[in-house]
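S.K.: In the order they appear, the protein sequences are chains A and B. When we follow the working numbering, the leftmost residue of the first sequence carries the number -12, and every step to the right adds one. When we follow the working numbering, the leftmost residue of the second sequence carries the number -12, and every step to the right adds one.
Hints are computed from structural coordinates only; laboratory data are not their basis. Check before you lean on any hint, since a few could be wrong.
For identical chains, the list gives no copy identity; a pair is met inside one copy or between any two copies.
Stated by the list, open to error - Within a straight-line C-alpha distance of at most 25 Å, the following computed SDA-like cross-link-like pairs (lysine to any residue) qualify:
id : residue 1 : residue 2
1  : Lys10     : Glu314
2  : Lys175    : Thr13
3  : Lys179    : Tyr322
4  : Lys179    : Thr389
5  : Lys253    : Ser168
6  : Lys85     : Thr389
7  : Lys197    : Asn398
8  : Lys(-3)   : Asn285
9  : Lys0      : Ser311
10 : Lys0      : Thr13
11 : Lys230    : Met268
12 : Lys175    : Leu195
13 : Lys77     : Arg339
14 : Lys38     : Leu50
15 : Lys10     : Gly81
16 : Lys179    : Ile196
17 : Lys197    : Asp360
18 : Lys179    : Gly161
19 : Lys253    : Ile287
20 : Lys179    : Gly194
21 : Lys197    : Glu172
22 : Lys85     : Gly194
23 : Lys230    : Val272
24 : Lys179    : Ser204
Here the structure is a predicted model, which is why all the values come from computation and not from measurement.
Number of protein chains: 2
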Amino acid sequence: MQEQLIQQAKAAKAAAQRMALLKTNTKNTALLAMADALTNHASQIISENEKDMEAGRHQGLSLALLDRLMLNDDRIESMASGLRQVASLKDPIGEGNKVWIGADGIQITQISTPIGVVGMIYEARPNVTVDAAALCLKAGNAVMLKGGSEAIHSNTIIASIISRSAVEAGLPEGCIQFITSTDREAVKVMMKLNGLIDVLIPRGGAGLIKAVVENSSVPVIETGVGNCHVYLDASAEPVMAEKIVINGKTHRPGVCNATETLLVHKDFAGQHLGNIADALMAKGVELRGCEKTRALVNNILPAKESDWETEYLDLVLAVKVVNSVEEAIEHIRRYGTQHSEAIVTENYSHARQFQREVDAAAVYVNASTRYTDGHQFGFGAEIGISTQKLHARGPMGLEALTSIKYMIQGNGQIRN
Amino acid sequence: MQEQLIQQAKAAKAAAQRMALLKTNTKNTALLAMADALTNHASQIISENEKDMEAGRHQGLSLALLDRLMLNDDRIESMASGLRQVASLKDPIGEGNKVWIGADGIQITQISTPIGVVGMIYEARPNVTVDAAALCLKAGNAVMLKGGSEAIHSNTIIASIISRSAVEAGLPEGCIQFITSTDREAVKVMMKLNGLIDVLIPRGGAGLIKAVVENSSVPVIETGVGNCHVYLDASAEPVMAEKIVINGKTHRPGVCNATETLLVHKDFAGQHLGNIADALMAKGVELRGCEKTRALVNNILPAKESDWETEYLDLVLAVKVVNSVEEAIEHIRRYGTQHSEAIVTENYSHARQFQREVDAAAVYVNASTRYTDGHQFGFGAEIGISTQKLHARGPMGLEALTSIKYMIQGNGQIRN
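Between the sequences and the hints, there should be enough to build the whole structure, so can you do that?
M.R.: Structure (structure tokens):
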């Protein structure tokens, strides 16, 4: 298997060199052809997907996981329209807004280039196969795709359809490499392919991401954990506060930008926390509160130290009453994962202080943490949400899949 | 020792949180105070440096290494003026040129932030202690410094002087952490401090860099290897060609942007390669040539496959005659390390083709590869030259030591 993966990575690297020089139009034509191919082969995809669903039911996958795995005509159409959307985005390659004169009059231009070969390691959802390939190709990269074993039949057929149509439409042979092995060793091999794979992006559960971050010698963009907070300041507008908390917690509890801890200023809590707690509980949210919270809200469990640290990804919310915006910021500094943090306030100074002092990818004033997303940010697409500070931070669109190069024009300069 | 390092990293992280919020003026005042402190303690530094020199002589370090290690008044003054130079640079923090409206009218602003804690692992030159600290602090980071054992006395006294003066001038306690252990295990510990160290930058020999890239779970910026080429096109202006080759090879052969292989178009070679070879040999350069080269230049060794791959870092140059610009580009693709590549030509189309098709951090037309350097590029300083494609590529100035964050202003937006 190792030899097979190395061959695939070499093929990807060779393809990447040609991908980097393609015209925008060629890339877009291919993306549109890939979209059509998905639509045209929908029944074939659904029948392969049924094999995964069957196996999943046998293995006792949860209903939520089965739902993520399931493909139907609508979902295939939605993957196809994702491809068309990426085709419509501006080509991120060859751009730059920096040109200057360096030593001795050399002219230096910084332009964006593809990264090369992007390795995606992901779980469950078959649509990642399409999304990741589309974004990588649009940014002039080749891509190596390693999906989860639960979706192996779906991913295999999808990858085969899109790579065939991509090549027929003019992309270089080998630009989409799908790893058919479901062996976990395959990930280990990918993590050591320095010189062939330029970056690995793991998307999935915390265990997968941790394993890749800890063991890869290929550079990694870490995605994932979001222990996100909403802080309701003393001056928060109560109706807005309730809406933002409810949305952050209940809109889609299983995702990384969901709100996990509610911090409430004591002056606001006295009057409004009871109502907000009732509204949350009416939505089925289990609350775990500090002592002060429990004095204001009946019949909730006490929050333990571990509650402040937990990304529940579920209808559970930790609640803490604080004495000041400073205490809220300090709590976030201690327990947050630098993903998405929000303050609800009408106080200008507190809004500014919170945005300046909280160190996170996205820091909100008076909006839901759920907006941390490439589509909501207007990037037109998203390959993941980076939780590290190098290369990319927060939602990653096409730009995160590019590198740079310096082109220097001289007329015979040598250094003294 | 592990416990000690963890304590230092925690102290650095705490300091980093305060560093991020400092005013530009505070940082600059501290940098100037650090410069003065170095000047004022020059004799103390020189006497500690003498201990390293003595030990180095005992260990039989080469004259070149001893020279790199040696400090005198001039070199200390030069470190101090480096600090003053960094003080004069524009603060890279809090900047951004992107503000836009996202979904539902949220306003998104992207601004630059510090990275957090930067770990530098370096060898030999004591001036890196000062340069790295200055750049990291200016960009609002804390820094952990792990220098080589040969310079331990020099680095220890320098780090102690600059950190004391930095704190006295208003920087947070702990913002410069110097690792006094000369145990190689210290590097291994640093490589696993995820969550405390945000990035590691190794600077030194290929072995050190490879070990860090392969074993670190903390994100790494790879620096180093440059197997750089100069290609003399058929239309190259002969005098310019000779100057650029001589400069690339002999100006400072031991550095990563030195020229290691000369590629020569066959039409140019026939008339001019003999002269250029004579000029190189007159400068003491040993040539290793392909067969066609040896037919044109007398008494040189044949180049083996390994010569095309080697970064000599010495007065040795591999020489190959090629049939076309395409063959030159293909050779560079195969053997280059994507550092610095140059073409000398008067042909517009070949110049453009070379710059587009060669994938390297810096691609030159009619200038020496030696310009790949933060100072020559006008960055005012340099923390290293990245040879990877993530986060930073090529010479790294202050901007490479920053991350970003998104600040979002809403008025109650929630996602539907």
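S.K.: Does each hint fit the structure? Answer for all of them.
M.R.: Consistency of the hints with the structure:
1. Lys10 / Glu314: Result: close only across copies, 22 Å inter versus 53 Å intra.
2. Lys175 / Thr13: For Lys175 and Thr13, neither the intra-copy (34 Å) nor the inter-copy (47 Å) Cα distance is at most 25 Å.
3. Lys179 / Tyr322: Only across copies: Lys179 and Tyr322 sit 20 Å apart there, 32 Å inside one copy, limit 25 Å.
4. Lys179 / Thr389: Cα proximity of Lys179 and Thr389: one copy only (21 Å, versus 27 Å across).
5. Lys253 / Ser168: So Lys253 and Ser168 fail the 25 Å test inside a copy (55 Å) and across (48 Å) alike.
6. Lys85 / Thr389: both (16 Å within a copy, 18 Å between copies)
7. Lys197 / Asn398: Neither: 50 Å inside a copy, 36 Å across copies.
8. Lys(-3) / Asn285: neither (62 Å within a copy, 39 Å between copies)
9. Lys0 / Ser311: between (54 Å within a copy, 23 Å between copies)
10. Lys0 / Thr13: For Lys0 and Thr13, only the intra-copy Cα distance (19 Å) is at most 25 Å; the inter-copy one is 47 Å.
11. Lys230 / Met268: So Lys230 and Met268 pass the 25 Å test inside one copy only (14 Å; across, 77 Å).
12. Lys175 / Leu195: both (11 Å within a copy, 23 Å between copies)
13. Lys77 / Arg339: between (33 Å within a copy, 23 Å between copies)
14. Lys38 / Leu50: within (16 Å within a copy, 70 Å between copies)
15. Lys10 / Gly81: within (10 Å within a copy, 36 Å between copies)
16. Lys179 / Ile196: Both. Shortest intra-copy (16 Å) and inter-copy (15 Å) distances satisfy the 25 Å Cα cut-off.
17. Lys197 / Asp360: This pair counts as within: shortest intra-copy Cα distance 22 Å, inter-copy 35 Å.
18. Lys179 / Gly161: within (20 Å within a copy, 35 Å between copies)
19. Lys253 / Ile287: For Lys253 and Ile287, the Cα distance is within 25 Å only inside one copy (18 Å; across copies 83 Å).
20. Lys179 / Gly194: This pair counts as both: shortest intra-copy Cα distance 19 Å, inter-copy 17 Å.
21. Lys197 / Glu172: both (16 Å within a copy, 23 Å between copies)
22. Lys85 / Gly194: neither (40 Å within a copy, 35 Å between copies)
23. Lys230 / Val272: within (14 Å within a copy, 74 Å between copies)
24. Lys179 / Ser204: both (5 Å within a copy, 13 Å between copies)
The structure fails hints 2, 5, 7, 8, 22 (numbered hints given earlier, in ascending order).
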